[in-house]
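Asks: This is what each chain is made of:
There are 4 protein chains.
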Amino acid sequence: MKNTFGQSLSLTLFGESHGEKIGAVLDGLAPGIDIDESFIAFRLSLRRPAGRISTSRREEDAFSIVSGVRDGKTTGTPLTLLIENRDTRSKDYEKTRSLARPGHADYTAFCKYHGFEDYRGGGHFSGRLTAPLVAAGAILLSALAGRGITIGTHIKRCGGVSDRDFGDLASDLAQLNRSEFAVLDEAAGEEMKNAVRAAAREGDSVGGLLESAITGMPAGVGEPWFDSFEGVLSHALFSIPAVKGVEFGDGFALAESRGSLANDPFRTEAGKIITATNHNGGINGGITNGMPILFRVAVKPTPSIYREQDTVDFFTNEEKKLLINGRHDPAIVHRARAVVDSVAALAAADMLALRYGTDWLGGEAL
Amino acid sequence: MKNTFGQSLSLTLFGESHGEKIGAVLDGLAPGIDIDESFIAFRLSLRRPAGRISTSRREEDAFSIVSGVRDGKTTGTPLTLLIENRDTRSKDYEKTRSLARPGHADYTAFCKYHGFEDYRGGGHFSGRLTAPLVAAGAILLSALAGRGITIGTHIKRCGGVSDRDFGDLASDLAQLNRSEFAVLDEAAGEEMKNAVRAAAREGDSVGGLLESAITGMPAGVGEPWFDSFEGVLSHALFSIPAVKGVEFGDGFALAESRGSLANDPFRTEAGKIITATNHNGGINGGITNGMPILFRVAVKPTPSIYREQDTVDFFTNEEKKLLINGRHDPAIVHRARAVVDSVAALAAADMLALRYGTDWLGGEAL
Amino acid sequence: MKNTFGQSLSLTLFGESHGEKIGAVLDGLAPGIDIDESFIAFRLSLRRPAGRISTSRREEDAFSIVSGVRDGKTTGTPLTLLIENRDTRSKDYEKTRSLARPGHADYTAFCKYHGFEDYRGGGHFSGRLTAPLVAAGAILLSALAGRGITIGTHIKRCGGVSDRDFGDLASDLAQLNRSEFAVLDEAAGEEMKNAVRAAAREGDSVGGLLESAITGMPAGVGEPWFDSFEGVLSHALFSIPAVKGVEFGDGFALAESRGSLANDPFRTEAGKIITATNHNGGINGGITNGMPILFRVAVKPTPSIYREQDTVDFFTNEEKKLLINGRHDPAIVHRARAVVDSVAALAAADMLALRYGTDWLGGEAL
Amino acid sequence: MKNTFGQSLSLTLFGESHGEKIGAVLDGLAPGIDIDESFIAFRLSLRRPAGRISTSRREEDAFSIVSGVRDGKTTGTPLTLLIENRDTRSKDYEKTRSLARPGHADYTAFCKYHGFEDYRGGGHFSGRLTAPLVAAGAILLSALAGRGITIGTHIKRCGGVSDRDFGDLASDLAQLNRSEFAVLDEAAGEEMKNAVRAAAREGDSVGGLLESAITGMPAGVGEPWFDSFEGVLSHALFSIPAVKGVEFGDGFALAESRGSLANDPFRTEAGKIITATNHNGGINGGITNGMPILFRVAVKPTPSIYREQDTVDFFTNEEKKLLINGRHDPAIVHRARAVVDSVAALAAADMLALRYGTDWLGGEAL
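Chains as they are written, first to last, in numbering that gives the first Met the number 0: chain A, 0 to 365; chain B, 0 to 365; chain C, 0 to 365; chain D, 0 to 365.
Any given hint could turn out to be false.
A pair holds if it fits inside one copy or across any two, identical chains being indistinguishable in the list.
As the list claims (entries may be wrong) - Calculated pairs, BS3-like style, for lysine-lysine (alpha carbon to alpha carbon, straight line, at most 27 Å):
| # | residue 1 | residue 2 |
| --- | --- | --- |
| 1 | K20 | K72 |
| 2 | K94 | K271 |
| 3 | K94 | K320 |
| 4 | K319 | K271 |
| 5 | K94 | K72 |
| 6 | K271 | K320 |
Derived by calculation from the structure, the hints in this document are not laboratory data.
Just chain A, same shape as in the assembly (with noise of 0.2 Å):
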């Protein structure tokens, strides 16, 4: 499998940023999963560029379910949703084709591809293709929702600003969940906005670290080895541009800790056992323990600068100056978030539906 995630719930993401349409497959959805259209919608926006901080190119992402659902309930037979492309402007391409843009895909994009690869607007390697998937992962946030499982993702740092730690999960997801820009103290938000509008002004972008947190997740799941939670979890993460580092629990804090400080003490609440603290990002030996799965990624900033930068012509083997135009973000990491919170749905619901079956995540039989 290239482009396609998953074992028993697989997504399989096709298109191209300038291409006809963009998309994704769903299958191995359970039967009876309600889709609720404008959630699909308002995820969407989530991850749409915005104001000021986000490139100009509109993005109307108006999706089509042509698959897998009747009467607003999944069949259980393969999903796609179809979102078309418009307001591209592939000339802005054509120029500089063969000059590799320094943190790009262009140059790997021809090794592999031998030349043959759309190289407009990023082609398949496009941020665009992260609509179809912020999409479907909304579908799969809210099935996961029904079974008492929540997902979602702070701006932790962004423009050297930070947002304030989780606090309360039941009530930070919440809160996250419902905001255009993700994070728990609205000061900081503006003061990264603020950050990321410096940088544009100097031609420059920003980078960030978003920080998430998935509750409800049943003791139990994941393997011992390779299918672990967190490694199935990260090759997930690692697929979305520009993500460059993935840690669980406190993560590279774990390399300077002591046992006696990284071991989480069980106890009980409830009647239920738990653990004391929760250094571990509620995984231990591979295998869920019950408690909030706890996350970081890295974001790297937009490679996409107003800046002369050097470069090769790939096709001449010649050094030039490369100067980009076209329409492009100072910064991804806000956008991201979307994008976080649903591929971590994806391995979430497939691990889920590889333990419990494939009804799990499913409605009443009619």
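Could you slot chains B, C and D onto chain A? The hints should help.
Replies: Below, chains B, C and D without anything else, positioned relative to chain A:
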């Protein structure tokens, strides 16, 4: 697939810490790969408990290859490695059988396997299982070396002490791959060992940070979505017990950076396209660009510590105090490096076999 | 994976008979494969209901390719084919919604999808879904032809009439691949059509036997166990609705044979090793031997017949009588031949991509 | 995956006829399945060469289970079975090493593995490898029986002699699963043996036809496309050496039938929906309908015969005469029945685990 990794070239891992045998099946290996048993033994020695900073359990790791090799070369059919377990003291585990060791998989195994799990010595979750992983990895490391691909790892941080940064990768990897304790700066290595011993004297343990490089990878390997090089490699890395973070290139530091600093400008060197810097760790858009693959792995402190900890008896749901006996490592980061090399070799070899076919890593036809 | 087939090269099939669109995603295609839309249209015409022996439903099968192709060649990223559904008469199905049509999937769909299934026109189970399969197969058949590999199928038996045996495969396959009604003996073909019409006049339907050949397959493709060439190909063939038997070489006749008659002696021809006979259908030990791959597929009679049948209302568990309306084929074997070619192309192309790498079927680098 | 079968529950097969050990890893087994070693031994006895109609090679098939079992029950982690090879006479094979035995995999192995293959006794292609398959199958057969699912196979045809048709499946399967020579009609069985002995006296071998049933399968298992119950089961069946045909229900006879005869009318029995006939072998649209799964497998004559055959030396491309020595079976159909049961159990158990989750086949939680 559960305890199996890889698509064209796959590894299946089996066994328990106190079972009769542990082992691995490598399937999809090209025919004609040389099997160097002394190199396998050497690699096994690198993960074996050593000196005063490791468990006193003697692990001889005498391995045998019972299928897939004829006259010292792979046949192309499944290669099976077996390692016998000796010097096991299962009694150590009986009395604390239902007391969940904090930071360990005892409780999650119970949730998943309902009490049928082999709890002795961590069972299938034991770091002991990394022995066949390292042995299998040795075969792949040899085969990759035959194609000009080298993998190596150093302990970048341990016990608050840093090793020097990577410099010339050819000589650094050569040095590391000869070293029992994988540091580039011997003095830093001694400090690290002292820090580990100090923690051990306090009944505590330490974590650490491993930094790895893969040189010689062809450009054009990996997929745009889901099976990105980062996604596949991270999936394998997060299988290693105690790994809680993975980053590529500058990784989490990129969250704090700007596009103008994070992009790697292209240039030519001896007619070949390279990047002037390598903040992206040799991967753009999920696909290798011909530069060294750089990644770091966070290893949490060994959860087995000699201090009283709070826990719960998961048979009775009673809160209890736990004092762990047995023989345990105060650090495993220095042993984990051999495992990191092995799973990196597995992920890389699988992606190469998918890209170039099943003969690519093999010997000249007889 | 569920509605997906293939490991390195995969096809995902989606849609329902009366849904908005049906289609397929082909992923893992080599870059640079020529897309000949008129050839795709021709192949689609071969499976389209034709003349007096097929349903009167008009299926125009106008397809569009919305991703994965640029300037008439594959890009190497997922290729998505869409076909719109028109001329659907869902009303035909409402009144018999819960009456299980004998020989159909209505009842099994209900058991699996609990009533959420799209029951109109067979939904996702409909033979209509073979249209995108045939379109995708056309792309693969072209690509395989570019590597000297030809696939063709004739109707060996239908309505009690036999076509002549395969003779010279080069000319026979060429003839079949031009023919709308795939027989080698035109007179036998006319007799078959008469037999089908006779059955139709009685409100009945007939089955048939398809015989196929793949020429030009390199020796050495397939795996000893599980992913044998026969295993992988049969897996694909049994997906075709109505297929109930698959045999390779002499197949079931070998059960009656003796080793002295069934073995294919080796000899040389123009310096190349061949077999003097081909009772084993070009496969020994699951692996191709360079001789033509020969296989036969049994197609059951169309279950939709115009006679009263006994059935059960699966909503109420009441026994009922059923008289099917709608437009149905009295035979599908003549249409299924295009589907057999397509799934054979898919299975072969996937095994070749696994064996020789992802570029093998593609065009010369630009 | 190559020598691995299954998605949620998988089996990996390894070893060579004259290697040190052969074996299998079963992964994804539910925890708490009882391991009955005497039942495994009994099943192994059913595939062992027996009496005057099998090879004189003594195969003791002493197996050991080295992982995945504790206190006689599966743990839920990979179960590894090992069988030692003894009584091997590799010398028999040295002198004919490069002479392709007609009907065998010698030449195709050479094409695939370039001479590195283990050629002794058929190497990895040997029927010997079915021993671990049968042992693993025994575990699955027990587990399925615990859920009311029974699998059994009889020799329907051998040496021109027919066994009687299936009658009452409950008693027929019970009888077959006690029998060493799996026929329902003992007299027919004696005739079959005589026919085999007659062929053996002529230095020849015979094929045969196996007919199998699976009773107790829940309705609703299998997928509409690609992973149809037929597709998955045939994939497994065609892995068995010498299998050249697979059919479900009336199979190839359906090609000669009419819809009015081939459709299975529905009716109710004790409030349960059943079909009045079972021409479709318990499967509609790729999904089980709750009726017995019926299938037949064609087994070709053993290719090892004691007659001079034409062949080619594939090292030199010279035409040669070959007279095979060694100890070989004049028929294997009576031994293959145990293998058919095993791979059917594997395919069924995997599809059940995918459908109902990984605990479904397991024991009550401790």
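Asks: Between copies, within a copy, both or neither: which fits K94 and K320 at Cα up to 27 Å?
Replies: within (13 Å within a copy, 67 Å between copies)
Asks: Could you figure out if K319 and K271 sit no more than 27 Å apart (CA to CA) within one copy, between two copies, both or neither?
Replies: between (63 Å within a copy, 14 Å between copies)
Asks: 27 Å Cα cut-off: does K94 pair with K271 within a copy, between copies, both or neither?
Replies: For K94 and K271, only the inter-copy Cα distance (23 Å) is at most 27 Å; the intra-copy one is 63 Å.
Asks: With identical chains treated as interchangeable, where does the CA-CA distance between K94 and K72 reach 27 Å or less: within a copy, between copies, both, or neither?
Replies: between (47 Å within a copy, 21 Å between copies)
Asks: Using 27 Å as the alpha-carbon threshold, which applies to K20 and K72: within, between, both, or neither?
Replies: both (24 Å within a copy, 17 Å between copies)
Asks: Should K271 paired with K320 be assigned to within, between, both, or neither, using CA atoms and 27 Å as the limit?
Replies: between (62 Å within a copy, 17 Å between copies)
In this structure, every one of the numbered hints holds.
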